[in-house]
Structure formats: C-alpha cells, structure tokens
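Novice: Here's the letter readout for the chains.
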Amino acid sequence: MQAADAELVTRCRNGEPAAFEELYRQHAGRLYNLAYRMAGTPADAEDLLQEIFLLAHRKLDSFKGESALSTWLYRLAMNVCLDFVRSRQVRAGRLTDSLDDDRPGGPPAPQTLPPDSVARLDLERAIAQLPDGCRTAFLLHDVEGLEHHEVAAILGVSTGTSKSQVHKARVRIRLFLARRHAAVAE
Amino acid sequence: MTLRPRVVCRSVAVAAVAGFIVMPGAGRSGLPGAGVVLDAAAPVPAGVRPQDDQGARVTRTIKVGPHSSLTLSNIAGNISVTGGGGDAIRIDAVKHAGGGSAARFNDVRVDIAEHGNRVEVRTLPFGGEHSSVDYTVTVPADTAVYLRSVSGNVTVTRVQGGVRADSVSGNVTADATAHLDRLRSVSGNVDIRGASSDTDLATGSISGRVTIHGLKAQGLDVSTISGNLTLDGVTCDHLTVRTVSGEVRYAGPLARNGRYEVTSHSGDVHLVLTGDPGFELNASSFSGDITSQFPIAMHDTGEDHGRFGPLRHAIRGTYGDASALLTIRTFSGNITLRRR
Amino acid sequence: MTGCERYTDLIGDEVDGTLDVRARPDLEQHLAACPSCRALLADLRRIRAAAGQLERLEPPAHVWPRLARRIEAERATGRPGGHRVGWLGPAWRFGLAAAAVVAVAVVSGWAVWLVDHRGAGPAVQTPAAVSAAAPATAAAGATPAAVAGELKLAAEHYEKAIAGLQQIARAGEGSLDPKVAEALQQNLAVIDQAIAQSRAALQTQPASEPAQASLLDAFRTKVGLLQETIELINEMRKGNEAGAARIVQGMKKS
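Protein chains in written order, with this note's numbering: chain Y, 270 to 455; chain S, 519 to 858; chain E, 1012 to 1265.
With the rest of the complex left out, here is chain Y (with noise of 0.2 Å):
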C-alpha cells in the first residue's frame, strides 16, 4: 500500500474527523460510476454509494494494507452491488430468457459496426444487459480504466480470467450493437 494511502487509513482509523471525508472525496466519484453502471439508476446508485462507505468506515480496522486502498475499496464496492443486483433479481426473471436472445457462440460478423452505432446512450444499454460476471470485469477495465492485474485482485480471478470476461463483454456488446443498428434500421 502506497504510504499516502497508509497515512490516511491511519487518520481514519485514530478518528480524524476530516480524514474519512478526504477519502470519501479521493474515491466517491469512482465509486458511484461504478454503482452506476451496475445497478442502473443514479437513485440506486446512491444508495450503494452510502452502503459502500459505510461499510468501508465499519471495515476499515480490518483492512491490513495487503492491497492497494483503491483495490480494496474497489472489492467491498463490487461486492456490495453484486449482492444488491443479486438481490433484486427475482428468479422468475431469468424464465423471461427467450431461446432467440444473444447467442455469443453465434458466427462472427464479417463486416464491422455501422459508423453511428457506438452511441453513448446505446453503449450504456449493451452494458446493461451484461451478465454480472463479464460487466463487472468489463466495467473495470474498459470503463474505470484499470489493469487486468487489478481487476483480477479485485474480482479474485486470475488474470486470464480477467482478460477473457472483458473479451467476452466486449464481443456481447458488438452483437448488442449490431442487433440494435440492423433493428432501428429496418
């Protein structure tokens, strides 16, 4: 752990009043993208993100320094949403899986997406209907811009794992993609 990052932990830990609000600011805001992207809604988002300090203030004494503040932070993050998605998902939902819906084992598409079609607002939507496992990694690496070393530390995977799910995600948003164009196009 970087000794910044060690210094802080220590104020936090002694009770420093301003302290835990330095960290709140140092890592809120990647947080809450991350909260974001997972749950879906800036009001969910929110809540996690409350949830997700809260128990880093609650864990903070059993936090050795074993990894990076940021790595660390990023797990209890992860874990948080995973289990408020989970959570959510009533298991009847996953019946409402059509035979026809992405078949990523499909034959790759020969030509590449339309120049128009990586659109923020459809990019948000193919992330959407990620499943968990290769979102969180995709989120990680391509949106918070981590390293795969990091991103394994943090989902503890290997990093092969890592590089596959963020394959995986990004292969399943190509086909979202190219569904979504060739279906607006018609």
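Hints listed in this document are in silico derivations from the structure and should not be mistaken for laboratory results. Check each hint, because a few of them may be wrong.
[Said to hold, decoys possible] Straight-line distance between alpha carbons at most 20 Å, and here's what the computed SDA-like set of lysine to any residue pairs gives:
#1 E:K1190 - S:N596
#2 E:K1171 - E:A1200
#3 Y:K333 - S:A840
For this one, chain Y is given, so just place chains S and E on it according to the hints.
Specialist: Same frame as chain Y, but now just chains S and E:
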C-alpha cells in the same frame, strides 16, 4: 432507513398475449370445430403442408460449420442430444402414435429449418390425440444447443458449445457438457454430471430434485421449492442455493474468496467440506439448530464455538483464513457443517 | 472460421495495447488474410475507446453530509472496532426495497414513493443496537418499531402483488397440463405454509431477524413461482396459437 422502490420495467408477458385461442389441449380428442378462433398474426413456417405424409420417422443430416447451433422444441417425447466429432447435425425423430385407434402420424409434424449455421427443429401439433416424438440427435462437439420440452425428458451428453435445456414435467440431464447456461424443469428432476460452465449457470426445478456431481462454473444458482438439492464436487466462485422445503447437501471444497449463500425455510442444510477450508460464516435460523465441527472464532464474544459446543441460532465468526464467505439462513431447517 | 479462435487472446491484447512484440507478426499476418478478424479488432477498439469516454457522473452533493451523519451515529453507539456487518445488513435492506419494487411493478406501473425514516425517531440507543444479533437495526434512525413498520408495508405490497398474479395464473390454468398445474399448486401450498410459519414466529418475536428474513424470502419465492407459472401458461398458449394456425391452414386446403 430509506425505502425507495422504483418501478422496474419488466413486462409480465401476460398482458401482451393478444389473440385468444380455444383449442383442444394435450390429451383431449376430437377435431377442432367451430370453436377455433385464430389470431391471424401467428406466423406460419414456410413449407408446412399438412397433406404431406411424413410417416412415422423423420431423419435428416445437415452439414454445418463450426459454432453451429441447434434449437429444438418438443411437446411430448424425449430429446437426447450427443456431441461428437464430425461436421453434421444428425436428427432422428421417431413418432409414436397417440392412444387410440390407427396410427395418425399426421397429428404431429417435425419441422426442420436451416438458417446458415443455425438449425431449428420444432414439433408442430395438429390437434387431435397428441402423438409424441422422440428425438435422437448427434451434433458436432462445438454446437450450442437450446432444447425445450413439455412432457419429455431432455438429455444432453458431451456437448461443448453451450447448453440451455428446459422441460416442464420431464427430467433434464446434462452429462460431460461444457458451457452450461441454464437447465430447468418444473416438476422433473435435474441431473448434472461432470459438467462445466464458463460463466454463471442457473438451474433448478420446482418440485423435482437437483443433483450435481462434478461441476465447474463461475457462478451457480440452484433453486427448488420442495425438491432436494445435492451438490457434490462443485467448484465455483459464487453459489446461491435457494429452497423452501428441500434438503440441501453440499459436499466438496470451498473456493478461496468464494461466496456461498444458502437459503432454506424448513429444509435442513448440510455442508461437508473437503480440503482446507477457511471461511467467514454468517449462519442464522429461527428455530433450527446450527452445529459445526469447525471451531468458529465468534465475532461478538471472541470465544471459539467449540466442536460440539452449545447450540445457537445465530453464528457469526470465522474459521481459518476466513477467505470464503458462507451465508446460511433457514427458518426451521437445521444447519450442519462438518469435515469429510 | 477455423483458426480464428487462436487469435482471440492476441486480438484482446492488441485492443488493450499490451500485445507482446513477438506475437505481432503472427497477428498481423492473420489480420491481413482475415476480414472478419480485422472487423472484430476494429469494433472492439471502438467499444473500448467509447467505454473509456462514457459519462462520468458525480455523486450528488447531499451524499456526503448524510453519510457523515450516519457514521457519527454509528460512532455514538460505541460499536467496537472491527465489528463486521451482519449478513442481515445491506442485503436485507435491499430485500425490503426489492420486495416493494417487485410489488409495485407487478401490480401497476404507478407511483414512485419514498419512505424516509431518517428524520423520525431518536438516535439509536436501544438494546438492539448493541446486540450482535441485530446489526441492521443499529443503522441510524431505525428503531425496532420502524423496522417492523417497514416490514409490514413490504408485506402488504407483496400480498397485493401476489393477489394480482394469482388472479392471472388462475385465469390461465386451463392451458396447463393438469398434472403440472397440480404440482405448481402443491408447491404454492408449501410456500404458503412457510409464510404462515414465519408470520406466526413474528407474532411471538417481532424483532427476530431470521423470522423477518424468512417471511420476505417466502414472499419473494411465491412471487417468483407465480411469475414462472404465468410464463409457462404463455408458452403453452403460444404453442397452441402456432398449432391452431397450422390447423386452419389445413382446413383451408381441404
């Protein structure tokens, strides 16, 4: 405490069912009479001509490229798909005449459509006594299969390209398959042996039991209402098990940093852990007993919950390196943890 | 496209900008000959670039002050350091929220309502706050009475949703095979028993978290089963529609 529900835009599909069909259901005899009202928008597949006599057996071999897919929906009758070598999908459909007089093989029609690398097979009913169709299919190993049956069993063996299988009252069995995605039955059993999934697998039954022997997946979601659940030799990063009255048995290792969540109402939960597990345990029950062979360092008292220590209804503590997270909740079911 | 799978990893690395120098000639040779992989690489690059450009949202300004208040309240109850959040913490809270979401969505698409207990009630000093068995209620502003009240609200919403779903399910049951309908009914009965038991438990021990959780779980499960039943009914109907089309086709021709 904030409680802010937001409207979730998930359509309960019922409202969308437009046309209204009055039709002889499965098992009832008689030709459709004046009572049939048709939703004119229902699609008619190309090339279906009831006058053609398919006879009692339909076989077809279709050459496909890599990463092909097979979609098969059946009503009554079994589906068996086996992956192997080769570059063709071979379909062998055998009709069995419904109860009663002469064999009326035109009561059902096997409709096979090819769209490039995608093969779609459907059993089309034509009313009257329901004949059943048994499908035996072989596919190249990397084919993805999507199978649906109403009252027949579905068995998938050695398919590597992706598997989704649903039955209503039949059993669903997956053997030595990879890339499992989803296996469900309503009243039938689900059996998984020697399989894997590269992401999350959702499986379950309502009243049937679920038995998994040897599965490697990232995430596993298993649920029943009253059926028992047996998980033996399952490796996954996160596991969610839900049942109301079924008994849950988990035997195997815990993945480091794995997250395991088991929820039951009255069914007992038994964990038999192999290897050298380290876990954080949050176990609670309203009236069931919680016993653990592993000494748990309790959070609140700091004491060790001894091997055959006092019975408690809530345990929060750690064992070993506390790397895995176990969350087990029941209402009246007993919870036991022991070593193999 | 045999052989392209070999290049999946390399393409991924190239998109990431971390392609091993020694592997580059191999990849470039393949790309020169494979329009499909060229297209894939181009698209994945665009996706990654676009992802990095996604809107960066700022957390609203009011989040910190509220958070600070809750932290203060926690400090005030003297929670020992290193005390881990019980499992009943966040997940349970979202369980309540999720319950209401399902209920509202299913019954009708109306009102987004807000129940905010933060202003109500004194700061938490109840015995429950220091008991290890009830960490959720130690959250600022949530007295056992408030929690019981929210549970009651959630239960009401669930029951409304369930009633609506049950009506729909009953109306369509004829489309199902009688044995399947029976199996579904039996399992609904199993869940109803679980609901009754949880309720009875809450009569005697209203603050029991396991009992609260069991009740919510049972409600959720019931909603799930009813939705599954309805999906099944729809599937049967869809199949029947397709079959009826065939019949009428046949009738027209004869």
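Novice: Is it true that the CA of K1171 (chain E) sits at most 20 Å from the CA of A1200 (chain E)?
Specialist: holds (18 Å)
Novice: Is the Cα-Cα distance between K333 (chain Y) and A840 (chain S) 20 Å or less?
Specialist: OK: K333 (chain Y) and A840 (chain S) at ~14 Å, within 20 Å.
Novice: Does N596 (chain S) lie within 20 Å of K1190 (chain E) when you go C-alpha to C-alpha?
Specialist: Measuring from Cα to Cα gives roughly 18 Å; hence the hint holds.
Of the numbered hints stated above, none is contradicted by the structure.
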